[in-house]
Amino acid sequence: MSRRLPPLAALRAFEAAGRHLSFSKAGEELLVSQSAISHHIQTLEASLGVPLFVRRTRAVSLTPEGARYLATVRQAFDLLVAGTDAVAVGTKATVRVSLLASFATHWLMPRLGRFRERHPGVDLALDPSVGVIDIEASSADLAIRYGQGQWPGVEAAMLMPDRISPVMSPALLARGPKIEGPEDLLAHDLLFSYSRTLFEWASWTEAAGLDLATARRTLLHDYNIVLQAAIDGQGVCMGRQCLIGDKLAAGLLVQPLPLSVTAGIAWWLVLPKRKPSRAAAAFLDWLVEEAAMDQSNSSMARLI
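Here our numbering is used: the first residue of the sequence shown is 1, the next is one more, and so on.
It is worth saying that the hints were derived from the structure and are not from the lab. All C-beta atoms, glycine included, are put in the ideal place defined by N, C-alpha and C. Each hint should be verified, as a subset may be incorrect.
As the list claims (entries may be wrong) - EDC-like mimics (lysine to aspartate or glutamate), calculated; alpha carbons at most 16 Å apart, straight line:
no. : residue 1 : residue 2
1   : K275      : E29
2   : K92       : D123
3   : K275      : E28
4   : K273      : E155
5   : K273      : D134
6   : K275      : E117
7   : K275      : D285
8   : K92       : E117
Said to hold, decoys possible - Between beta-carbon pairs, the in silico distance windows are:
no. : residue 1 : residue 2 : range
9   : Q295      : D211      : 48 to 58 Å
10  : P177      : A76       : 53 to 63 Å
11  : R175      : L79       : 47 to 57 Å
12  : M293      : T262      : 12 to 22 Å
Based on the sequences and whatever the hints tell you, model everything.
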């Protein structure tokens, strides 16, 4: 019995357009024209008998049927990629990632099992490093960095924004000195992580109207050390909400003041100009998907 399958080209066009919510960006990715993408999707819609997109003057969005079908098509493509990787001649594909150790520890590792399940034929080589990377000269397929995205000579694309606010151990908060306003932070040791510019505390204190000229500061090299010092009651650190959600939920850290800010602070992708390998592209797609899911969950949590 023959199977009813749409043309692969139409499915690829639909998946790319659904992921980008843009026919033009899908065309750029697949190296075809926007009109070719539109034609493929019209053919697919005619074959299925349902509209997949709502078309507006300058934007498109998925219909409910389109959203359900996109999830199915992406799963099918993931299976094809995994199966191809599993039987391809030679060793496994390796994706080399330069990233902050704190991001690897607190954000990436808890989610990495989902990537391994989806892409068992891809190995990851993680290179923890802090400094700005020359991605073109390095062996890394991509880099993940934290900051405000304005590094000289570096083209960065935002992966996900972050919110920051001072956090501390509940034991330190309990034993005092009390914190009832931003100025009360000056009675505590403030923990800083290494950076060329101390943008986190500068951004938050600017929003809070606080002058740190008289603050007691401890500068630590890595954010993992900063977090551990805060958990151990050694002082107050700036909490990166993308990384510390589980620490707050578990009561290891508390936020003594309600003010949190973004100030353009985010996690950024730094990519080389060369076309990514199939394995690197798969990892990038997964990263973007996980980051979007994380932001959606965080937004929902703030509303509850």
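Now the hints, each set against the structure:
1. Distance hint between K275 and E29 is fulfilled; the C-alpha atoms sit about 10 Å from each other, no more than 16 Å.
2. A threshold of 16 Å between alpha carbons decides the hint, and for K92 with D123 the separation of about 7 Å falls inside it, so the pair holds.
3. Restraint check for K275 and E28: satisfied, since their Cα atoms lie roughly 13 Å apart, inside the 16 Å limit.
4. For the hint linking K273 to E155, the alpha-carbon distance of about 9 Å falls within 16 Å, and the restraint holds.
5. Simply put, K273 and D134 have alpha-carbon atoms about 12 Å apart, close enough for the 16 Å limit, and the pair holds.
6. With a C-alpha separation of about 25 Å, the suggested pairing of K275 with E117 is violated against the 16 Å cut-off.
7. With a C-alpha separation of about 14 Å, the suggested pairing of K275 with D285 holds against the 16 Å cut-off.
8. As the CA atoms of K92 and E117 are separated by approximately 15 Å, the hinted pair is consistent with the 16 Å bound.
9. Evaluation of the 48 to 58 Å hint for Q295 and D211 yields a failure: the beta carbon distance comes to about 33 Å.
10. The supplied range of 53 to 63 Å is met by P177 and A76, whose beta-carbon atoms lie about 59 Å from each other.
11. Against the hinted window of 47 to 57 Å, the Cβ-Cβ separation of R175 and L79 comes to about 55 Å, which satisfies the hint.
12. A beta carbon spacing of about 19 Å between M293 and T262 agrees with the range 12 to 22 Å that was offered as a hint.
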